[in-house]
Each structure stands twice: as C-alpha cells, then as structure tokens.
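Chemist: In the order they appear, the protein sequences are chains U, F, L and A. For the first sequence, counting from 1, position 131 maps to 131 in full-length UniProt numbering; every step adds exactly one. For the second sequence, counting from 1, position 358 maps to 358 in full-length UniProt numbering; every step adds exactly one. For the third sequence, counting from 1, position 351 maps to 351 in full-length UniProt numbering; every step adds exactly one. For the fourth sequence, counting from 1, position 310 maps to 310 in full-length UniProt numbering; every step adds exactly one.
Please note that a few of the clues may not be correct.
Where chains are identical, the list cannot tell them apart; a pair therefore holds if satisfied intra-copy or between any two copies.
[Said to hold, decoys possible] Derived SDA-like pairs (lysine to any residue); straight-line CA-CA distance at most 20 Å:
#1 K314 / Y89
#2 K205 / V385
#3 K215 / E189
#4 K205 / L301
#5 K414 / E379
Keep in mind that the hints were calculated from the coordinates and are not lab data.
Number of protein chains: 4
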Amino acid sequence: MEKSTMAQSKGTVVLAYSGGLDTSCILVWLKEQGYDVIAYLANIGQKEDFEAARKKALALGAKKVYIEDISREFVEEFIWPAVQANALYEDRYLLGTALARPCIARRQVEIAQREGAQHVAHGATGKGNDQVRFELTCYALCPKIKVVAPWRLPEFYQRFPGRRELMDYAKKHGIPVPVTPQTPWSMDENLMHISYEAGILENPKNQAPPGLYTKTRDPATSPDNPDVLEIKFERGVPVKVTNIGDGATRSSALELFVYLNDIAGKHGVGRIDIVENRFVGMKSRGIYETPAGTILYHAHLDIEAFTMDREVRKIKQGLALKFSELVYNGFWHSPECEFLRHCIRRSQEPVVGTVRLSVFKGQVYILGRESPRSLYNEELVSMNVQGDYEPADATGFININSLRLKEYHRLQSKVTVKQDE
Amino acid sequence: MEKSTMAQSKGTVVLAYSGGLDTSCILVWLKEQGYDVIAYLANIGQKEDFEAARKKALALGAKKVYIEDISREFVEEFIWPAVQANALYEDRYLLGTALARPCIARRQVEIAQREGAQHVAHGATGKGNDQVRFELTCYALCPKIKVVAPWRLPEFYQRFPGRRELMDYAKKHGIPVPVTPQTPWSMDENLMHISYEAGILENPKNQAPPGLYTKTRDPATSPDNPDVLEIKFERGVPVKVTNIGDGATRSSALELFVYLNDIAGKHGVGRIDIVENRFVGMKSRGIYETPAGTILYHAHLDIEAFTMDREVRKIKQGLALKFSELVYNGFWHSPECEFLRHCIRRSQEPVVGTVRLSVFKGQVYILGRESPRSLYNEELVSMNVQGDYEPADATGFININSLRLKEYHRLQSKVTVKQDE
Amino acid sequence: MEKSTMAQSKGTVVLAYSGGLDTSCILVWLKEQGYDVIAYLANIGQKEDFEAARKKALALGAKKVYIEDISREFVEEFIWPAVQANALYEDRYLLGTALARPCIARRQVEIAQREGAQHVAHGATGKGNDQVRFELTCYALCPKIKVVAPWRLPEFYQRFPGRRELMDYAKKHGIPVPVTPQTPWSMDENLMHISYEAGILENPKNQAPPGLYTKTRDPATSPDNPDVLEIKFERGVPVKVTNIGDGATRSSALELFVYLNDIAGKHGVGRIDIVENRFVGMKSRGIYETPAGTILYHAHLDIEAFTMDREVRKIKQGLALKFSELVYNGFWHSPECEFLRHCIRRSQEPVVGTVRLSVFKGQVYILGRESPRSLYNEELVSMNVQGDYEPADATGFININSLRLKEYHRLQSKVTVKQDE
Amino acid sequence: MEKSTMAQSKGTVVLAYSGGLDTSCILVWLKEQGYDVIAYLANIGQKEDFEAARKKALALGAKKVYIEDISREFVEEFIWPAVQANALYEDRYLLGTALARPCIARRQVEIAQREGAQHVAHGATGKGNDQVRFELTCYALCPKIKVVAPWRLPEFYQRFPGRRELMDYAKKHGIPVPVTPQTPWSMDENLMHISYEAGILENPKNQAPPGLYTKTRDPATSPDNPDVLEIKFERGVPVKVTNIGDGATRSSALELFVYLNDIAGKHGVGRIDIVENRFVGMKSRGIYETPAGTILYHAHLDIEAFTMDREVRKIKQGLALKFSELVYNGFWHSPECEFLRHCIRRSQEPVVGTVRLSVFKGQVYILGRESPRSLYNEELVSMNVQGDYEPADATGFININSLRLKEYHRLQSKVTVKQDE
C-alpha cells in the first residue's frame with residue numbers, strides 16, 4: 001500500500017490539466033500527496049479531444065473536471081490589446097504563448113475561488129517562462145492562493161528525472177500512455193500560435209525537420225495565387241475582414257481571427273525560428289507559427305502609421321516595447337501593464353480605416369489603405385501641387401536645425417587632438 | 001539676350017548632378033544666375049550611364065565634372081553601421097535613401113573644399129527629407145558652405161511650376177529631353193534600395209502597378225527552389241557569405257552586398273509599401289525594394305539575439321531606435337549620431353557567428369545559427385538535463401516578483417469604488 | 001509724413017502687449033504698417049500696473065485693449081499638470097516661462113477669433129524659445145491665423161538694431177520712455193517664476209549681482225526659524241496647505257499657490273542659475289526663481305514615491321521627461337503632449353496623501369508623509385517583524401538573477417584577449 | 001563541549017565582518033557550523049576602530065583577519081562613474097550604499113580566491129537590497145562561489161528572531177556586547193554617505209529625531225557665511241577643488257572627496273528623507289546624508305549642461321537613468337552596467353571646465369562656470385548682437401514645426417464628437 005494513501009488531506013487543488021502524460025501523472029501524484037484534485041482544461045483554441053480528456057481526468061480520480069472555452073476572451077481581451085500594441089518581443093516573437101497564460105490562469109483562479117480551493121497546480125517546468133506567467137497571474141489576482149509546481153519540488157523532479165520514470169509511474173497507476181511515438185520536441189498550441197522547442201531543437205544549429213509545422217502549409221507547396229483581403233479597423237482593433245476574391249466576410253472577433261488563421265495557414269504565413277531570452281535568464285531556441293497574428297501585425301502597423309501622429313506614434317512605440325517585455329515576463333496582471341494597456345488603448349482612438357493586403361507564399365504584402373481619420377494629406381505631400389506649404393520655410397527649418405551641428409563643428413575644430421571615434 | 005548672362009559671377013557651385021532633366025535644367029539655370037558650375041555625380045550603385053552623364057554635363061556648360069565611385073564607402077561606413085543597429089524607421093523602412101544622402105553629400109563637400117567652391121547645390125524638392133539630409137551633412141562638415149536649393153527659391157519654383165515648363169526650358173537651352181515617356185511616379189536608386197513615390201502613388205489606396213518593381217523579381221514568378229546561404233558575422237558585420245547550393249562565397253564588403261542583392265532580388269525579397277512620417281511633418285507614401293538589406297536585417301537580428309546579453313540588447317535596442325530616427329531625419333553627421341554609432345559599435349563586439357538561412361518567394365527564413373561567443377547554453381536550457389540550475393530557485397524568484405503585485409492587490413481592495421480601467 | 005500712413009489696411013492684429021518699451025514701439029509700428037491693433041495684456045500673476053498699461057495702449061492708438069486675468073487657469077490647467085509630471089527640463093528648470101506661454105497665447109487666439117482678427121503679434125525675439133511656444137500654440141489652435149513677429153522681420157530689426165534706436169523711435173512717436181534706468185539684464189515674470197537673462201548675465205561666468213533677485217529673500221537674511229507645512233494631495237494635485245506653526249490653511253488652487261509663493265519666497269527657496277539648451281539650438285544662461293514650484297516639486301515627488309507602484313513610476317518618469325521637453329519646446333498644444341498629459345493624469349489616480357515639510361534657508365526638507373492609498377507596508381518592510389515575507393525566497397530570487405551574470409562570466413572567460421573596458 | 005566542534009569541516013568562509021553584534025554572532029555561528037572563518041573588514045571611509053575590530057575577530061576565533069582600505073578605489077572606480085552619470089535613483093537617492101556594496105564584495109571575492117575559500121558570508125538581512133548587491137557581485141566575478149547568508153537560513157533566523165536572542169547568544173559565547181544603548185534605528189556608513197532606517201523610522205510619518213544626523217551639521221546652526229568653491233572637471237570627473245575664501249586646494253581623488261565632505265558637512269548639505277522602492281518589491285523609508293556627493297551632483301550637472309551637446313545629453317540622460325536603477329538593484333558587475341559605464345564615459349570627453357559654487361545653510365548654489373570646450377556661444381545667444389544668426393530662419397523653423405499640429409487640428413475638426421481629453 002502506498003504511503004501516500006495515508007497522507008492527511010491537504011485540501012483542494014485546481015490543476016491546469018492538459019490530458020497529456022505529464023499532467024496526468026501530476027494529477028495522480030497530487031492525490032497521492034493528499035490533495036483533492038479538480039482538473040481544469042482550458043479550451044483556448046488548441047486541437048484537442050476535450051471529452052476524452054474529461055473522461056481521462058475523472059478516471060484518474062479528479063473530483064471534478066472543468067472544461068472551459070475561453071477562446072473568445074482570449075481574442076478580445078488578450079490578443080486585441082497585443083494587436084493594438086504591435087506587440088513583439090525582441091523584435092520577432094508575437095507572444096502567442098505569453099498572451100495565453102494569463103488568460104488560462106485567470107480562469108483557473110476563478111475556479112479555485114468558486115470551489116473554495118486553496119491551491120492551484122500546473123505542469124510547467126522549472127526553467128521556463130510559463131511557470132512565471134502562470135503564477136504571477138495567480139498571485140496578482142488572489143494573493144492568498146498557494147501554488148503547487150511539482151516540477152520545482154525536489155520530491156517530484158528527483159523521482160521523475162526523465163520520461164522513462166514518468167512512463168513507469170503511469171503504467172503502475174493505470175494512466176494511459178501515448179500510443180504514438182513522441183515527437184523529438186515539445187509543442188504548445190493555442191488559437192494564436194503553436195510553439196516547438198526542446199529535444200532536437202535544443203541545438204540551435206539544427207534545422208527544423210520538414211514535417212514539424214502543423215499550423216501552416218509549406219510555402220513551397222502553398223497556393224500559386226494569393227488571397228487578397230481587406231481588414232477594417234476601429235480603435236486599432238480589426239472589426240471586419242473581407243476576402244476580395246470570393247467576397248467572404250467575418251466580423252465577430254473570434255470568427256475573424258479563425259478565418260485569418262485559415263487564410264494565413266493556407267499560404268504558409270507566420271513561421272519563425274528564433275533564439276530568445278527567457279525571464280529566468282537563459283537563452284532558448286523556439287520555432288513558432290502565428291498565422292493570423294502575423295497578418296494582423298502587418299495590417300495594424302500600416303493603418304496605425306496612416307492615422308496616428310508621428311510623435312504620438314513614437315511615444316506609443318516606446319510604451320509598446322515595454323508592454324511586450326512585461327507580457328513576455330508574465331506581468332499581464334500588474335499595475336504597470338494595466339497602466340500601459342490604458343495608455344496604448346488611448347492612443348488607438350484615431351486608428352480607424354481599412355488595409356488591403358495580399359497573402360502569398362509565406363508573406364503578407366500591404367497593397368493600399370484608406371481611412372476617414374487619416375493625417376495623410378495628399379495635396380500637402382504632392383510633388384506637383386504646392387498645397388498649403390511654403391518651400392522657403394524649409395530653408396529656415398534646415399538652417400535652425402543645423403545651428404547646433406555648426407556649433408559642434410566649431411568646438412571640434414578647437415580640439416586639436418581628435419579622439420578616434 | 002537673357003538677363004542672366006549679365007549677372008556678375010557668384011563664384012563656384014558644386015552641383016549634385018544626376019544626368020536627368022531636373023538637375024540638367026538646374027545646371028543651366030545656375031550658370032544663368034552667374035555661377036561657375038562643377039557637376040558632381042556619385043556612383044553609389046545605381047544603374048546609370050555615367051560617361052553619358054559626364055558628356056552631357058560638359059555639354060551643358062559644367063566647368064568640370066566629378067564622377068565618384070563611393071559604393072564601397074557607402075557599404076562599409078554607412079550600411080554596416082545600420083546593419084549593426086538593425087536600423088528600421090517606424091518599424092518598417094530600412095533607410096536605403098537616408099543612408100545614401102550623407103555619403104553623397106560628404107563627398108560633395110570634400111570636392112567643394114578641394115575646388116575652393118563656396119556653394120553646393122542640389123535638386124531635392126522643398127517638401128522632402130532629402131534636402132534636410134543633404135544640407136545638414138554639408139553644414140555639419142563645413143559650416144561656412146552656402147547651399148543653393150533651387151526648388152526652394154521662389155524665382156525658380158515659380159518659373160517651373162510643372163514638368164511642362166522644365167521641358168520648355170530644356171528645349172530652349174539645348175538640354176536633351178528624355179525620349180522615353182516618364183513613369184507616373186518618381187524613383188531614386190542606390191546600391192541598397194530603390195524607392196518609388198509621387199505621381200499615381202500619392203493616393204495611398206492605389207496599388208502599385210505590376211511593372212513598377214525593378215530590383216526584385218515578382219515572388220509569383222521567382223524560382224521554385226530556395227537559395228540557402230550562410231552568413232558569417234564579426235563584430236556585427238557580415239564578413240562572408242556562402243551559398244550552400246553551389247558553394248559560391250563572397251568576402252569583401254562590396255562584393256558580398258552585391259551578391260546578396262542578386263540572390264534576394266532573384267527571390268523577390270525586400271518589397272514594402274508604407275506610409276511614413278517625414279521630418280518636415282507630413283505623411284508620405286513610399287514603395288521600396290531593399291533586397292540585400294532585408295536579408296541582412298534578419299540575419300543580424302538572429303546572430304545578435306544569439307550572442308548578446310539580454311539586458312545589453314534591450315539598451316542597445318533603444319539606442320538603435322533613436323539612431324534610426326536620426327538617420328532618417330538627416331542627422332548622420334551630428335554629435336548625437338556619432339555618439340550612438342560609437343555605443344552601438346561597442347555593443348557589437350560579441351556579435352560573432354554564422355547564420356544559416358533560406359531565401360525563397362519573397363521571404364527570408366532563418367534555419368539555424370552557431371557562434372564561438374554565444375551566451376546560449378544548451379545544457380542549461382535543456383528540458384532533459386538539469387544542468388547547473390536549481391528549479392527550487394525559481395520558486396523564490398517568482399515569489400519575490402509577486403510581492404509587488406500582491407501589495408498592489410491589497411491596495412486595490414482597499415479602494416472601494418474601482419475605476420474603470 | 002510717414003510712408004506708413006499711406007499703407008492700405010492690413011486688417012486687425014491682436015498684439016500681446018506688456019506695457020513696456022518694446023511692445024509699445026511695436027504697437028505704434030504695427031499701426032504704421034496699416035494694422036488695426038488690439039492690445040492684449042495677460043494678467044498671469046506678474047507685478048504690473050494693469051490700468052496704467054491700458055491707458056498707455058489706448059493713448060498709443062490701440063483700437064481696443066483686453067486685460068485678461070488668466071492666473072487661475074494658469075495654475076489649474078498648466079501648473080498642476082506640470083506638478084503631476086514632476087516636470088523638469090534638463091534636470092533643473094521647472095519650466096515657469098514655458099508653462100505660461102501656451103496659456104497666454106491660447107487666450108490671445110480666442111480674442112482674435114472673437115474679434116475676427118486675422119493676425120496676432122508678439123514682441124518675442126528671434127533667438128529665443130518664446131516665439132516658438134507662442135506661435136505653435138496659435139497655429140495649433142487656429143491653423144489659419146497669421147503671426148506677425150516684428151523681431152524676425154528685417155524691416156523691423158534692421159531699423160532697430162539696438163535700444164537707442166527704439167528710444168529714438170519712442171520719443172518721436174510720443175511713446176513714454178522708462179524713467180528708471182534699465183537693469184543690465186532682462187526679466188520675465190509670472191505667477192510661477194521670474195527669469196533673468198541677457199545683458200551682463202550672457203557671460204556664463206559672471207555671478208548674479210546681489211540685488212538681482214526679486215521673488216525670494218536672500219537665504220542669508222531669511223528667517224532663522226522654518227515654516228513647517230502640510231500639503232495634502234489628491235490625484236497628484238495639491239488641494240490643501242496647512243501651516244503647522246500658525247494653523248493657516250489654503251485650499252483653492254490659486255490661493256494655495258500664492259501662499260506657497262509667499263512662504264517659499266520668505267525663506268529664499270527656488271533660486272537656480274543654469275545654462276540650458278534652447279529649442280533653436282543654442283545654449284543660453286538663465287537665472288530663475290520658482291518659489292512655490294520648488295516646494296511642490298519636492299512634495300509631489302515624495303507623495304508620488306509613497307503611493308505609486310515602482311514600475312508604474314518608472315514608466316511615468318519616462319513620459320514626464322518627454323513631457324518636460326515638449327513643454328519647453330512649445331508643444332503644449334500638440335497631439336503628443338495631449339496624449340502624455342492624459343497618460344500622466346491617469347498615473348496620478350492613487351497619488352493621494354499628505355506630506356509634511358519644512359521650508360528654511362533656501363531649502364525644502366521633507367519630514368514625513370501619510371496616505372490612505374500608500375503601497376508602503378510597515379509590517380512587510382520591518383526589520384523586526386517577519387510579516388508576510390519568506391527570507392528564503394530571496395535566495396531563489398538572487399540565484400535566478402545571477403544566472404545571466406554567470407553565463408556572461410563564462411563567455412568572458414572564453415574570450416582570451418579581453419577588451420579594455 | 002560545543003556541538004559545533006563536532007561538525008565536520010565545511011571549508012573556509014570569508015565573512016564580511018563589521019565588528020558589530022550581528023556579524024560577531026555570525027562569526028561564532030559559522031564556526032559552530034563547521035566553517036573556518038576569515039574575517040574581512042573593508043575600510044571604505046566609515047568611522048571605526050579597525051584595530052579593535054581585528055582583535056575582536058581574532059578573539060572570536062577567526063582564522064585570519066583582513067582589514068582592507070578600499071577608500072581610494074571606492075572614489076575612483078565607483079563614485080566617479082556615478083558623478084559622471086549624475087546618478088540618482090528615483091529622482092532623489094545618490095546611491096551611497098549601492099555604490100559601496102560592489103566595491104566591498106569585489107575585494108571579498110578576491111580574498112576568497114587568494115585564500116582558496118569556497119564560501120563567502122555576509123550579515124545583510126533577507127528583506128533588503130544589500131544582500132542582492134553583495135551576492136550578484138560575488139556570483140558575477142566568481143560564479144562558483146557559495147554564499148552563506150545566515151539571515152536567510154531558517155536555522156539561523158528562527159533561532160534569532162530578535163535582538164534579545166542575539167544578546168543571549170553573545171553572552172553565552174563570550175562575544176562582547178555593546179555598552180552604549182542601541183539607537184532606535186540602524187545605520188550604515190561609508191565615505192560617501194550614511195543611511196538611517198528601520199526602528200522608529202519605519203513609520204514613514206515619524207519625523208527624524210533631532211540628534212540623528214552625524215555627517216552634517218544642522219543648517220540652523222551651520223555657519224552664517226558660505227564657503228565658495230571652484231571645482232575643476234576633466235572628462236566629467238573632478239580633478240581640483242579650490243576654496244576661494246582661504247585658497248585651500250585638493251587634487252587627488254580621495255583627498256578632494258574628503259575635503260568636500262568636510263565643507264558640505266559643515267554647512268549641512270546633503271540630507272534627504274525619502275521612501276524608495278527596493279528591488280525585492282517593497283517600499284522602504286530611508287534618511288540619508290551625502291555631503292560631498294550632493295555638491296558634486298550639482299557641480300557636474302552644471303558643467304555637463306555647459307559643455308555637452310543637447311541631444312547627446314538627452315541620450316546620456318536616458319542611459320544614466322538605467323545605470324542608476326542597475327546600481328541600485330545590485331547589477332554593477334553585469335554586462336549591461338559595464339556597457340552603460342562605457343557609453344557614459346564616452347559622453348564625458350568634452351565635460352571639461354570649472355564650476356564656481358557657494359555652499360551655505362544646507363544648499364549648493366551655482367554661481368558661474370567656464371570651459372575651454374563649451375558649446376556656449378556668447379555672441380550667438382546675445383540679445384544685442386545678431387551674431388551668425390538669421391532671425392528670419394526661425395520663421396521657417398516654426399512654420400515647419402507647426403505643419404504637423406495644423407494637420408492634427410484639421411483631423412480633429414473632422415471628428416464631430418470630440419473625446420473628452
């Protein structure tokens with residue numbers, strides 16, 4: 001008889017459950033430790049047999065199972081602010097996982113509160129970002145919550161140093177083990193993106209194997225004709241997509257996003273292979289597919305540049321850089337991130353209009369744009385019409401701007417021994 | 001008899017001459033105004049019949065003609081620092097024209113000093129950025145120089161309100177007029193890029209016509225097989241390109257850049273259509289092709305992320321944003337831009353290594369990277385090996401990071417009426 | 001007979017009139033040029049005989065005179081946002097003049113619109129910041145307005161190269177000339193501050209003469225006992241001042257500010273002598289007195305640090321730096337400055353509480369603070385009580401933070417030839 | 001017989017020893033745990049009986065005692081870069097303690113390496129910044145070192161929950177206990193500053209008691225005549241101080257700094273009372289005296305503004321903000337802080353010249369400045385001389401700057417329902 005069955009009850013824990021081997025073992029292990037386990041599986045757009053997962057969790061002894069469809073709030077409350085921000089971590093990563101975590105964890109805390117559970121648990125590793133994103137959300141929304149992170153508990157990670165030990169444990173406890181061979185990398189999917197990392201990808205020189213990608217087609221075999229779309233924005237958020245080719249339209253946030261995923265995926269848009277800096281201080285290599293997110297990044301950048309004042313844009317760009325870093329690091333639910341979202345949202349009031357673009361062979365090409373609120377003034381900028389502009393003014397403008405440079409030159413000339421630049 | 005022939009000599013002017021209609025008319029007009037004109041034509045990689053231009057200038061009365069090949073210094077002294085910076089104006093524009101201007105104007109000032117000319121002249125318009133970039137360079141390097149900018153002089157621009165008047169003037173003064181019909185947009189080319197703007201492109205909704213592009217092939221008809229390249233960097237600058245397919249290599253800066261232009265152009269890489277904010281305060285629409293620059297942007301971003309410390313990168317990113325803005329606005333030769341170049345160059349010391357990438361159908365795909373100086377630690381990041389890492393430390397890390405968030409929650413709870421975010 | 005009397009009417013101009021020699025001469029000169037002149041004198045807290053000025057303007061031929069008390073809106077709409085921002089230009093200047101200009105010019109544009117005047121005029125010099133601040137406000141609020149700036153018109157400034165020519169002109173046109181000898185520097189005063197510059201102060205080495213200061217007493221002769229004040233803030237704005245010594249209180253914005261000016265002036269608080277960088281590109285030397293502004297700067301800094309989250313503060317500090325620069329340069333009425341004011345105002349919602357301070361011998365000493373919304377947690381920070389804090393967590397926090405530094409050290413060790421730092 | 005003598009040897013530890021009760025108890029406790037203890041006492045300018053401390057440490061069983069005078073390197077290698085940066089944490093704190101920690105810890109690591117010790121130990125608390133500053137330095141310079149931080153070890157801090165238990169332990173182990181009653185706050189002193197915190201100061205409303213200050217005289221009783229000093233800078237660092245009153249001069253870094261401490265202390269300069277944000281996420285209240293540092297902050301700010309280009313200054317200001325935060329948080333020895341020091345040092349090349357200032361009643365007043373490398377141009381800025389400046393240019397400058405504002409106004413007018421700002 002297992003020692004664990006003797007353990008006194010430690011109360012209820014809400015476990016973020018995926019249905020996979022790791023969290024199935026964790027579920028059983030938590031019970032062993034004396035917890036009542038409520039399994040929580042967020043439907044955030046990943047491909048998954050949710051009913052099978054529910055049955056599995058119950059079979060493994062979950063007291064209760066929550067399967068929550070949070071796709072819509074993921075799009076409207078997490079992805080949209082990121083689109084408004086043109087959020088990009090380290091110039092490349094569209095933050096697909098980082099945006100999903102606070103959305104998933106927020107619901108988990110809500111369930112814990114509803115169920116009177118004192119604990120939440122997750123299966124994130126001890127080296128990654130997700131543990132941080134997960135737990136900072138929990139602590140920010142419910143400071144009294146206790147987090148159980150087995151992969152950081154010596155009694156857990158020393159017992160399961162590798163996959164083999166997990167498999168043994170699973171077999172011993174009647175946990176179904178995967179029948180298909182494991183991919184030599186790990187994946188994490190949601191509506192916005194899928195990530196591939198670890199395993200053979202840990203060597204940053206290794207090229208991604210051909211069959212790895214699942215959300216986008218290979219540009220080499222993608223259609224030979226583009227899809228041309230018009231995306232309409234209001235307050236910096238897409239409100240309508242029209243496919244110029246077949247006239248298809250989508251207007252609700254979730255449907256629109258799913259549609260863009262389809263189109264972008266079909267044309268192989270949104271693949272990147274990067275090395276990034278984790279919050280815990282190490283560099284890691286990740287391969288990501290973000291189909292709809294990539295289209296929206298380009299489209300929003302364009303309509304924003306078209307409608308926003310130059311100097312407001314510059315300030316907003318600085319705020320968005322900070323925002324992206326905070327989201328990556330797990331601080332979505334923090335005073336500073338709230339503050340930034342408020343400021344960025346404010347900046348989006350004039351970001352209204354329609355962008356036309358072509359999706360083709362892995363690329364998004366902007367074709368044109370129009371807006372009822374643009375600051376673009378065709379007459380003013382025209383090479384052929386003078387408009388309300390006095391060319392002679394530019395002389396004064398340049399002369400005054402050169403004043404400082406001339407003074408600097410004067411000083412430099414005085415300094416006989418010039419430093420090597 | 002023209003009044004101008006009576007004008008007393010105003011001294012010598014060095015005119016930035018392109019061989020086209022505008023600067024040919026300006027050349028003659030400057031002579032009319034009483035200047036001795038030295039024509040200066042910079043070979044900065046554009047496609048041009050330089051000898052024909054020389055003859056034309058002499059025929060129009062230029063006292064002397066300088067045709068200067070500054071391609072190499074353009075690459076080494078201007079493009080390379082931009083590559084190190086990942087320089088991008090408003091998140092999209094790789095600064096092809098902005099980088100060329102200070103290079104062209106610097107040589108022009110040198111010629112003026114060598115020739116004892118008190119004046120320099122150019123044919124840039126009064127609404128654009130180029131006048132600023134041109135003149136700030138001149139004033140910074142030679143504060144006493146006088147600039148003649150005919151397109152800002154009422155006596156000039158009122159005399160030539162449109163192309164027709166220029167044509168009339170040209171015919172009257174024996175200036176050869178173009179035989180091919182003018183494109184309904186204007187172009188500016190150098191080794192790094194070509195820009196298309198004005199004319200029918202002034203309507204930001206108008207799609208670029210199919211035949212517009214000249215430096216890149218249409219991705220729709222580009223090769224069905226990628227070129228795979230390895231680009232080796234030292235101190236953030238490419239020092240060798242190897243084509244994995246055919247083993248071709250290039251090592252000298254200029255040849256390497258030309259080669260990348262060929263490969264990228266062949267695969268349709270580097271096209272953008274944007275609305276940007278000019279320094280003089282108006283929005284303008286431009287279409288650009290930057291083939292080699294686009295490859296290098298992606299490759300450098302990758303090797304930099306691989307080798308540079310996270311926090312150094314963040315600081316450097318801020319400096320590069322400022323650098324890009326300064327370059328766009330014409331402040332290459334300014335104390336602040338010198339300072340930034342110094343700092344950015346310093347940051348590039350560890351940026352050493354090789355990036356492997358694929359060029360295909362308008363896209364650049366990073367495939368892998370390696371470096372003798374990377375901060376990437378495969379063992380540390382491994383999911384399967386613990387390495388020199390204690391998972392339990394992450395618990396303390398997260399707890400301390402959550403402290404501030406918990407305190408904020410405590411405060412928020414005290415505030416009974418919560419503000420709408 | 002003057003040629004000017006023949007000039008056809010150029011319409012109406014609203015002149016920012018000070019009552020002094022310069023703007024009196026400008027008033028007459030504008031009439032000479034054919035303008036109908038409306039004199040506008042803003043009461044923004046300076047010491048002035050407004051009625052005498054009104055009579056003088058009418059006597060000189062002003063069609064109408066507006067004397068407008070805008071002190072209250074100056075405090076509430078301009079100084080308060082600066083207090084919220086801790087606005088400081090180049091780390092030292094509290095922006096006393098820069099804040100007043102847009103307030104003055106805004107009213108002037110309103111008068112022009114009410115009177116149907118097409119022009120506004122001012123007596124600011126062509127080298128300074130005030131011309132810019134003045135005119136950017138006018139153009140931003142009324143793009144069609146025409147500005148007449150005599151000190152930038154060659155026909156004016158060449159006619160009046162020095163004070164002597166102005167005096168001659170005044171005598172000739174019956175303009176009263178000052179009877180007291182001119183100070184060998186120029187002054188500009190408003191409710192917030194007084195500036196001294198030009199004349200003997202142009203040599204940056206020259207010490208300010210003893211009798212120069214007018215708004216503050218010499219700390220050497222100021223009282224030997226401090227005044228102790230409590231300043232209460234709401235949303236980052238002072239709402240009540242209490243003098244602990246005599247129990248005096250002030251609550252309305254204007255009265256509170258005037259009272260702080262009195263107290264601070266009595267104790268010699270707020271004097272600085274600086275060299276600053278003007279927007280037009282030159283360095284200038286200014287001596288300023290900002291009594292109440294200096295107290296409020298220190299008090300607000302303290303209550304803000306006490307109540308605002310650390311990371312919000314950091315972001316807000318960056319925004320305020322930009323805000324200060326914009327205000328200095330004259331961009332108060334710009335989209336970016338509006339945006340910043342909105343964001344900064346948002347950040348001030350929790351800035352509530354009371355600061356106690358002592359004003360003595362030129363200094364402001366913070367003595368203590370309290371707030372119903374502070375994030376300060378006495379138990380948490382206590383050295384003697386553990387509170388809700390686990391010291392062991394700090395170990396993990398430090399270890400994870402050191403990870404990146406150790407990796408860097410590892411890399412540095414690999415690089416055999418270390419660069420000189 | 002003590003249990004500790006039975007413990008097997010854990011190797012050698014270098015303890016940062018202060019001679020006080022805490023670290024004396026720690027010394028004995030470490031021996032109990034089985035360590036060989038080397039006591040290290042840094043002379044960094046604090047008032048201390050170093051020989052008494054040496055004897056005490058030996059008496060308590062230290063294997064060896066190092067008393068290291070690191071004052072000179074503290075000034076030259078740590079304070080000088082901070083002066084160049086105008087380093088200020090959260091707008092107020094001159095970083096006196098934060099600068100000392102990496103200097104102290106660096107020597108400690110050197111001693112550990114020399115002695116072959118695997119461990120270092122310190123007596124910093126688990127809630128503060130010093131533990132972080134200390135340990136990050138150790139790990140950055142010697143990644144393999146082990147840190148023993150008793151105040152974060154449950155077996156230690158649970159054994160000594162309060163001062164009483166420490167006293168008991170001391171008495172039991174023959175550790176001399178302080179004969180003077182403890183101040184109801186804690187202090188930390190070095191050459192640059194002294195801090196007071198904890199105890200009765202933990203209530204942020206409590207005013208500092210009159211007798212608290214030790215490094216500066218009360219301004220109320222300080223001399224009634226100022227000291228006037230001239231401070232000469234080279235590359236942003238003070239190289240000579242001259243007292244205009246008595247002609248005294250100091251030139252070497254350490255002597256100069258000590259002299260400024262004397263003068264500033266005599267006049268009550270450098271006291272602040274603040275609430276600051278610790279790196280671990282809590283707010284704390286501290287009272288600081290930084291006499292010489294305060295004078296140098298003002299003097300350097302002045303000479304820098306006088307000699308540095310406006311735009312370089314702005315960039316450098318941003319870097320210095322980041323630098324200050326890093327220093328506060330303990331990242332002196334990090335790649336990013338190294339990078340920033342390099343950039344800031346570069347910016348200081350033109351910062352050469354002499355500042356004259358007056359020190360009086362708690363204040364530093366700048367009186368004037370001169371420099372062989374100033375960008376100040378007296379003729380250019382003169383109100384009476386036109387110099388090499390064309391006032392008409394300012395018209396064009398303003399007009400072009402207003403273009404964007406006019407366009408924005410045009411847009412706003414189109415938007416019928418204006419948003420409340």
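Chemist: Compare the structure with each hint and give your call.
Modeler: Comparing the hints with the structure gives:
no.	hint	in the structure
1	K314 / Y89	both (17 Å within a copy, 10 Å between copies)
2	K205 / V385	between (55 Å within a copy, 19 Å between copies)
3	K215 / E189	within (9 Å within a copy, 39 Å between copies)
4	K205 / L301	between (32 Å within a copy, 16 Å between copies)
5	K414 / E379	between (47 Å within a copy, 17 Å between copies)
Hint compliance for this structure: every hint is met.
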